[in-house]
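Q: Sequence:
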Amino acid sequence: MVAYPNPEGIEIHFAQLDRGGQLGDLWEAARIAEVKPGTIRVWVTRKKIEPVLVGKTGPVFHLPTVKTAAECGAKHKPADPAANSRGPHRHAA
Numbered sequence: 333m334v335a336y337p338n339p340e341g342i343e344i345h346f347a348q349l350d351r352g353g354q355l356g357d358l359w360e361a362a363r364i365a366e367v368k369p370g371t372i373r374v375w376v377t378r379k380k381i382e383p384v385l386v387g388k389t390g391p392v393f394h395l396p397t398v399k400t401a402a403e404c405g406a407k408h409k410p411a412d413p414a415a416n417s418r419g420p421h422r423h424a425a
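Using this note's numbering, the first residue of the sequence shown is number 333, and each one after it goes up by one.
There's no promise every hint is true.
Derived CB-CB ranges, DEER-like [as the list claims (entries may be wrong)]:
no.	residue 1	residue 2	range
1	Thr371	Ile342	27 to 35 Å
2	Arg363	Gly387	14 to 22 Å
3	Lys368	Ile342	28 to 36 Å
4	Ile342	Gly370	26 to 34 Å
5	Thr400	Trp359	16 to 24 Å
6	Thr400	Lys368	16 to 24 Å
7	Gly405	Thr377	16 to 24 Å
8	Ile342	Glu366	27 to 35 Å
9	Gly405	Arg373	13 to 21 Å
10	Gly405	Ile342	24 to 32 Å
11	Lys368	Ala335	15 to 23 Å
12	Gly405	Met333	15 to 23 Å
What the hints contain is simulated information worked out from the structure, not anything from laboratory work.
Note that CB positions come from ideal geometry on N, CA and C, so glycine has one too.
Full structure from sequences and hints, please.
A: See the structure below:
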């Protein structure tokens with residue numbers, strides 16, 4: 333089960349016809365979410381979002397769904413930003 337499911341196929345079709353720009357590739361999804369494309373790939377593998385379809389050029393995403401998933405943020409945000417980074421850190425004694 334995906335955390336942020338796409339709307340039904342017919343709704344996506346009519347939204348694409350009416351407003352345009354509702355669907356995008358990996359790079360457009362990353363731009364909308366303000367993350368790197370690798371983060372979008374991680375979201376897909378962790379079942380946060382899913383592509384609408386996968387074609388010869390790669391996955392196609394429903395951009396409003398990606399934006400909603402990005403606005404909700406991560407499940408866990410550490411109080412100390414350095415706690416989420418890699419590498420040696422100096423800890424208070």
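Q: Now, for every hint given, state plainly whether the structure supports it.
A: Status of each hint after checking the structure:
{"no.": "1", "hint": "Thr371 to Ile342: 27 to 35 Å", "verdict": "holds (30 Å)"}
{"no.": "2", "hint": "Arg363 to Gly387: 14 to 22 Å", "verdict": "holds (19 Å)"}
{"no.": "3", "hint": "Lys368 to Ile342: 28 to 36 Å", "verdict": "holds (32 Å)"}
{"no.": "4", "hint": "Ile342 to Gly370: 26 to 34 Å", "verdict": "holds (32 Å)"}
{"no.": "5", "hint": "Thr400 to Trp359: 16 to 24 Å", "verdict": "holds (19 Å)"}
{"no.": "6", "hint": "Thr400 to Lys368: 16 to 24 Å", "verdict": "holds (19 Å)"}
{"no.": "7", "hint": "Gly405 to Thr377: 16 to 24 Å", "verdict": "holds (18 Å)"}
{"no.": "8", "hint": "Ile342 to Glu366: 27 to 35 Å", "verdict": "holds (30 Å)"}
{"no.": "9", "hint": "Gly405 to Arg373: 13 to 21 Å", "verdict": "holds (18 Å)"}
{"no.": "10", "hint": "Gly405 to Ile342: 24 to 32 Å", "verdict": "holds (30 Å)"}
{"no.": "11", "hint": "Lys368 to Ala335: 15 to 23 Å", "verdict": "holds (19 Å)"}
{"no.": "12", "hint": "Gly405 to Met333: 15 to 23 Å", "verdict": "holds (20 Å)"}
Checked against the numbered hints above, the structure breaks none of them.
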